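K.L.:
Residues per chain are reported as follows:
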Amino acid sequence: MWFLEHAWLIPLIPAIAFFGIIFFGKKMPKGGSEIALVAMVAALVIAGGTAKQWIDYNDAPPAESATHAVEGAAVEEGAVAEEGAHAEEGAVAEEGVATEEGTHAVEGAVAEEGAGEEEHHVAPVRHTWTWWESGALSFTIGSHIDGLAVMLLLLVTFISTLVLLYSTEYVRGDRRFTHFFASLVLFSSGMLAMVLAPDMSQLILGWEIMGLCSFMLIGHWWEETANSKAALKAFLTVRTGDIGLLVGTAMLLGIFKTLDISKINEMAAAGEFESKKVLMWAAVALFIAAIGKSGQFPLHTWLPDAMAGPTPVSSLLHSSTMVVAGVFLVARLYPVFHVGLDINLLGQSFNLIAVIGGITILIAAGLAFVQNDIKKVLAYSTVSQLGYMMMGLGVGAWVPAVFHIFTHAFFKCCLFLCAGSVSHTASHHSFDMKKDMGGLARKMPVTFATWMVSTLALCGVPFISGFFSKDEIIDSAKYNGYTVFYYIGIIGAGMTAAYMTRATYLTFFGKARGAAAHFLGEEHHDEHAADAAADHGDAHGHDAHDDHGATVAHGKPLPFAPSDSPWQLTTPLLILGVLALISGYLNAAPLGKSWLRFEHWMISSAGLPFGEHDPMALPHPPEFKWMNTVPGLALVALGFLVSLFLCRGLFGDKAFALKGLTSRNKLAGAGHKFLVNKYYLDHLYEKVIVRGITGPISSAAYWVNQNILDGIVNGAGKGGRRTGELVYKYVDQGLVDGIVNGSGSSARATGGALQPMQSGKVNQYGALLFSAAAIGALVLVIVNS
Amino acid sequence: MLINEFLLLGAALFCIGVYGVIARKNAVLVLMSIELILNSVNINLLAFSLKHGDVAGQTFALYIIAVAAAEVGVGLGLVLLIYRNRRSIALDELSQMKG
Amino acid sequence: MIALANDINVAQQVGFGIIALVMIVAAIRVVTSNNVFHAALWLVLVMSGAAAQYLLLAAEFVAVTQVLVYIGAVMVLFLFGAMLTRASIGGEAGLNNKGYLVGIPVALLLAGTLGYALIDTFRDERLPQSFETGNLADPAGTQAITSVSDSIFGDYLLPFWALSFVLLAAVIGAIVLARKD
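Residue numbers (my numbering), protein chains in the order written: chain D, 1 to 785; chain Y, 1001 to 1099; chain R, 2001 to 2181.
No lab work stands behind these hints, which were simulated from the structure alone. Computed from a prediction, not measured in an experiment: that's the story for all the values here. You may find that some hints are simply not true.
Pairs of lysine to aspartate or glutamate, EDC-like flavour, derived with a Cα cap of 16 Å [to be verified]:
#, chain 1, residue 1, chain 2, residue 2
1, Y, 1051, Y, 1093
2, D, 229, D, 623
3, D, 26, D, 174
4, D, 27, Y, 1093
5, D, 761, Y, 1005
6, Y, 1051, R, 2125
7, D, 257, D, 272
8, Y, 1051, R, 2124
9, R, 2098, Y, 1092
10, D, 52, D, 5
11, D, 478, D, 623
12, D, 233, D, 133
13, R, 2098, Y, 1093
14, D, 30, D, 174
15, D, 276, D, 342
With the hints as constraints, model all of the structure from the sequences given.
P.N.:
Spelled out as structure tokens, the structure:
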């Protein structure tokens, strides 16, 4: 149990590394990146050990704590540790047996029991240290290990490690190389501290550290105004949500008289609160925080702008850390939301979380169509997937939503890193798919292959990770009576397939354009080099590292293009690609109940038992039937085909369409000849279909985004200013100034009279002081005698 | 011994110090007068300390001595600075703060 | 120290009277002397007298500190200050301003008020001979010193720390102020 008890090391090591990098990084041969990597690997190892021990602990929990409340856990750990020490040496085999028995028992319970049965409640392992106490209120810091925490610890440390490795190459030579790694490490540390939080105060601490670091990282290349504006926007938008977090936490403190997360969850699940209405408002306030952090509908605008940061930052922020924090908050305090918002009540088919999640799915997916920046496509895709997670939580599908965090982290991180790899190696630091990419599949096999796997996972193609999580969210929505959200879910899935097909096509197929053409050695005009040089100045700072720029420059063809990015870039890609492929099998519902390992490990963290239509209980996960997936898969296929069709028409050139087809003959099938011959239809498609349907819708969404939402904000600002002007004119100038001026002039007259006293001579001041004191003393003596 | 003997001595020193602060023009002499005042306070503190049998008075007398040393250090530093800038430490010429 | 039966120690009284007289005269000379160096030397006399009074008040440690810090250190500072500001050794005019017109009334007013209040309040209350109400078994006063140190490093530790910071700040401040840049 060593790891379970020392899990607090996981955030601590990166935090220490942060100071190490800040103070000594510049003197190190590799600019501090080695400290960062070592620290993150150490954290990863501890997180891995913790996960292993948690699985053991979960399978064979100590007898007392299995059914008991949380408070007991800390006390019982001593016993557990001792038992563990005894058992470790000799009785490995026995433990294995016990583990199996435990699982069987649980499965038996699942199979036999119907409603309202508490099953397999494993108390979390907690270590807390109170650092401030005032009356009944105490603030603690420490570690709270349960399934959810372990999952995210492992995820965050793992992805951070890969991203750090990737960054060593990606930002090599950057002028703030050391600071970049320092912020990255501190950022991970903040996320880890938040994940481990046993107490709302630690959660807020980690949450705010992340907010600060995201500001530093997004604005890493702050020399360009756009970048620093994006950083500010991210920070301020998230801060807006943070008000909700503080208010919500204060309300929780008011309701439950404690900040302890386990106790809050327990009391909420047991109905130990006075007013449900207050609880609901607390949940709403906390959800506002989640909206801000996780880029949900009204506050999602910061997330695409945050792409101004370096790509590793985008991939870390948008896969496993920053944006997941909001989902984590909801998942962590799930009983509060579940009870407060009546998620599993009979006949309930709408609630705030589901509605916001659903809107986010559609809006973000729509916006992803009109983006030319590959990272912005991915950013909107992230927003949309976060919408799925929120919707999952909103419809009571806790396990699938949490599982979607898990799978999404791998494939989305992989996609971002692929985009970075393309930009770093092929497109000369440009992220513009239309200008600087295309046809890259041939030259970048590793990047292409991992991109494809991740894309398929994102689209929810069966037997790849995303399918298992996303499909289950959609399924649960239908099963739990949230029919509207079921349709939103499958439509969103279709749209995901469509926009990802577009992005894939533009990046990897078709005619190579701009910088990519140079990279491929296909076209070499000077204009293109100039274009590329002009383009890549716009959004991305990349001041320092123009290593391969030298080989590309001056319109010369590349003598030979490197076949792919350097190993520091491809290794993380490969690892993540493999995980994107297989991570879904941890909770593969289609393969039967025994594959639901993830659910088994996680479910005690939800804080609620399963039950039928009871606000105090989670709905049962739906029975998996292949029939249920058919509509969703059909829409995915439809989206894929339509998008492919359009892309070929729109972006494929005659000559290059043929060329592109040779590489993907099977995908296009017999349709390609039709397409090539109907070349003039392409314009029709572009003008009628895209401009007529997708264009307006997406533009409308974009317009809503830019004008209405921003307009509200600006309007509020303008209204405030108008009011301010009126107040200034009449109240200020007329009334207040009159009073002020009057008192001013009288003060001036007094001052004039007293002016001689301010002689500036120390002796006179002394004389005044002492004579005043003497007279005061005299008065006191006279009065008292 | 009457306590009043010491207290009156302290009072006398205090008043002489006050006179010095008011009447002296030379900054160093003003500082000396302030030392007189501090000493009179010390005498008072020690007298009351003995009267009440409590050593807290002695403790504070010691603290006053230490603070007075610091005060003299800083005060003379200031005086030197003024002298260096103006070639004079006559206080009534230092009236830039006149209102 | 010979304690008389009627609890009035004549030697002490006489000693106190002489020292107090010297101190007052010296103090008056401090504030009236026309020579900065003389004023400083008169001040030494006042300080020494105060140290003697501290002995009479059974505060040996404070007396020793007074001698060391005031007469030893602070007076040296004063003399340096006087020399560095080119005070003339032979005495000079213009050390006083017109302040005596204000100073004398204020000082007299204060003296009158204080004197009246003190005499009125304490009349003929007596001081104990030493701590522990006249117990002379501890002539060296070691016990008093012990309790002073207990007090400094016990009850009043926090002011002690604060004082350390004040001294540090004063040292730094004095250096910054007085150095030639």
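K.L.:
Each hint: holds or not?
P.N.:
Now for the hints, and whether the structure bears them out:
1. Y/1051 x Y/1093: This hinted pair is violated, its Cα atoms lying about 46 Å apart.
2. D/229 x D/623: violated (48 Å)
3. D/26 x D/174: Answer holds: residue 26 of chain D to residue 174 of chain D is near 12 Å, not above 16 Å.
4. D/27 x Y/1093: violated (56 Å)
5. D/761 x Y/1005: Roughly 36 Å separates the two Cα atoms, so the pair is violated.
6. Y/1051 x R/2125: holds (9 Å)
7. D/257 x D/272: Given that 16 Å is the threshold and the Cα spacing comes to 11 Å, the pair holds.
8. Y/1051 x R/2124: Between residue 1051 of chain Y and residue 2124 of chain R the Cα gap is close to 13 Å, so the pair holds against 16 Å.
9. R/2098 x Y/1092: holds (10 Å)
10. D/52 x D/5: The hint holds at about 13 Å.
11. D/478 x D/623: Given pair residue 478 of chain D, residue 623 of chain D holds - Cα atoms ~12 Å apart, limit 16 Å.
12. D/233 x D/133: Violated - the C-alpha atoms of residue 133 of chain D and residue 233 of chain D are around 36 Å apart, more than 16 Å.
13. R/2098 x Y/1093: holds (13 Å)
14. D/30 x D/174: holds (12 Å)
15. D/276 x D/342: holds (10 Å)
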